[in-house]
Structures are given as C-alpha cells and as structure tokens.
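Next come the chains, spelled out residue by residue.
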Amino acid sequence: MTVTVLGISGSPHRHGNTETLLDSFLEGARAAGATVEKVVLKDLDYSPCRGCNACHKTGECVVKDDAILLFEKILASDCIAVASPIYTMGITAELKGLIDRGQYLWARKFILKTLYFPDEHIKRHKGLFISTAGQNWNHVFDGAFPAITAIFNGTGFEYYDNIIANNMDEFKGIKNHPTALRDAFAKGQKVVGVIEKMKKG
Amino acid sequence: MTHDKDTVMPIKVLAFAGSPRRHGNSETLLDWVLGGMMADPDVVIEKVALTDANINPCKGCNACEKLNTCVQRDGMDIYHDKIIAADIILLSSPIFCMGIASQAKALIDRAQVFRSRKYVLKLPIVPPERKGKRLGVFLASAGQNWNHVFDAAIPSVKCFYHVIDIKDADISYLMINRVDEKGAIEKHPTARTDAEKLGKTVIAEIKKRLAA
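Taken in sequence, the protein lines are chains A and B.
For the first sequence, counting from 1, position 64 maps to 64 in this note's numbering; every step adds exactly one.
Adding 1000 to a residue's 1-based position in the second sequence gives its number in this note's numbering.
Keep in mind that a hint or two might mislead.
[Unchecked claim] With a cut-off of at most 25 Å between alpha-carbon atoms, the simulated SDA-like pairs for lysine to any residue come out as follows:
no., chain 1, residue 1, chain 2, residue 2
1, B, 1187, A, 56
2, A, 57, B, 1181
3, B, 1118, A, 13
4, B, 1059, A, 39
5, B, 1118, A, 167
6, A, 109, B, 1040
7, B, 1158, A, 136
8, A, 42, B, 1035
9, A, 42, B, 1144
10, B, 1118, A, 169
11, A, 172, B, 1123
12, B, 1059, A, 142
13, A, 172, B, 1065
14, B, 1082, B, 1144
15, B, 1122, A, 167
16, A, 38, A, 14
17, B, 1059, A, 170
18, A, 109, B, 1183
19, B, 1118, A, 57
[Stated by the list, open to error] Taking beta-carbon pairs under 10 Å as the criterion, some of the chain A residues facing chain B (in silico):
no., residue
20, 12
21, 31
22, 95
23, 98
24, 103
25, 139
26, 140
27, 144
28, 149
29, 171
Bear in mind the hints are in silico, worked out from the structure with no lab data behind them.
For every residue, glycine included, the Cβ atom is placed at its ideal position computed from N, Cα and C.
All chains, full assembly: derive it from the sequences and hints.
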C-alpha cells in the first residue's frame, strides 16, 4: 500500500517561498514512493466558519463547499503538510479560514463523541507544518503553532515536525537559503519511510 | 459642564467586530466597552461588523511596497482612511482554533499597506502632532477555559496596532474565557462591569492625551 501525502498550500501568492518549500517536501515524498497531491487554498471555493455552532448538535457543517471536501481528503491521507507564510505574526487568513471550518470534527469528538482517533491511528498519521517568514526573529512562528496543533488534533494526525525558515527578506527568497529546500526534501523522504514501516509492521 | 459643539473636537472611535456571529459573546463585550465610551458626549462611534465589511485577505503581492496603496478594491478602501482618522481603534474577535477568527486576521493582514508605508517607503501613518494620541483596545472571548487560549492571538494584534501607530503600551486588553454558547457572556460575573469601566478609562486617557 503506497503512502498518501497531501500538501495544502495556504499562501495567496503562487509559487512563493512557502509553496516552493512545500514543493520540495512533496518531491522528497514522491521520490520515496508516495502518492502525492497538492491543494492550493486560494483556488478553492470555501467561506470562513460562521460560528453558528449548528455542528455542535448535528456533527455536520451547514455550509457545503470545498472545505468539507478537503477535510474528507485530509482524513483519507497518511501524511499532511500544511503550509502557510507568516503574515503579521500568524498564518494567512486563507489557512485560518480552513482550520476554523474543522469545528464540525471538534464537535464530533468532544460534544457528540461520535469520532475518536485511537493512539495507534494518530501515530500512523503524520502532520507537518511548513512555513517561511520575512522577519529574522526566532519567535516569528510561535503564533502559528497553536492553530496548526488544532487542525492536526482535529483530524487525527500526530504533529510530527516543522519545516520552517525565517529571515526570507534578508535571504531574498527561499532559493538562496543554504539548507531549507534540501532539508525539506530529506524530511519528505524520511516521513514516507517512517509511515511505510508502520504500515508493514 | 456645557459643550460648545463648534469648538469641541469629537473623539473618533472606530470599532471592528471580528466575529462571523452577530451579537455573540465577543461583540457583546465590544458593545459594553462602547457603552462605557458613549457616556461621554464628545465621543463619536462607528462600529463595523467584519463579516459584512467585504474585506478580502491580503494577496501577499507586495505591490504596496512600491505603490503605497493596495491593489485590491474592496471594503478596505473605506476603512483605510477611517483607521488613520480614528483616535481609538477597537477590535474584537472570538478565539477559534486557538487564534483570532479569519475575518479579523484578514483585516490585520490588510494593514500590510501601513507596514509598507512605515518601513519600506518611510512615510508617516499619522501626522507628527497626532503621534502618541491614539489608543487601541483588543477584546476577545473564548470557549475554552485555558488561560493560554489567547496567547497566539496577541502577536498579530500587536502587529496590527504597531503598523497603524498605536504603541504596545497604548493597547488595552479584555479577554474573557469559558464563554462559548451565544449569550454565555451575559452570565459572566465581571465581564460587563470590567468592559464598561474599560470604556470610560480609555476615554479619560485619550482626553488627557488630546489635551496635551
């Protein structure tokens, strides 16, 4: 059984630093034999969460759009790589908009108790966060981690690793970063190997 | 005290309600703060519900670094000028998935045009005589009872105020956790009192600053 890897690009800017870093990770995964797919959020049609809490009663979102289809795809993947640049110390509004739509899964888990991910499932499903930031501060990614943790928790993925590179403004882009693209490729290869081993074992 | 309306400059308050849910907990908190402010006859308030404000996310095109304006034509065309004109800017948001709602994040990211103006083009945001005479208020509600539930929201909020020339020290916060269902904040023991008091305190402070 091949490992399925889903890359989610949360940048409004096509083929920028973050998407390039995601591409490198996905290439590594493909090189290791995985089936790879990339979804670009800006090309999807979905609205932000309305906060109506209807899902707290039904476990279903009242808004039927691409966000629900994407969550189905996420739940069917072995590995997801969620990518967003840092804008004003957080993830983009596009990615935050998607993550907030996962509320119906949260409701299934914690209110309706119709969804449960056993530890064994979580261990076999790996989530990675991929990000770049213009700023050189080390804490520039801190505001992003909690929302990323939320989507991994909601969808039954272990928060496996970060592939993050700051100081893009000074490097003049990810292509000039000494190690980031190579590291992303290697992490793509590695995670597929880890999941494959678990699937066999 | 009587006011000569021709000579007293109004205190301009601009309030953004960031929740997609109208009249929910975070917006109620905002309304209470505005209620405290409204007690002063010199205050002029404009409240905007971001869910109806037609503010698209930032495209990350960086064109504002050259153009000093955003290439997108939407609701932000109006609010850009109002953000500059206001003496007090409030933002309220619920916490969704450990961060501010995406509607509020879209507004904050669109402030990139101010960041470009300030740091790339080295142009002023407000005229020098208005520096230090602007205040910010951030209000939030969260369903979770964790104390750290607001932590990830604050860096983005600080950035927003920073690029529109409101210093960290000039931002007030009131963040209420453990309120989830619509109306839950009404039962909170201190939220309403604290919010109304905050409204009054911020108006007293801006009056002092504007008079200086």
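(message) If you test the structure against every hint from before, which numbers come out violated?
(response) Going through the list in order, the structure violates hints 6, 8, 9, 14, 19, 21, 29 and respects the others.
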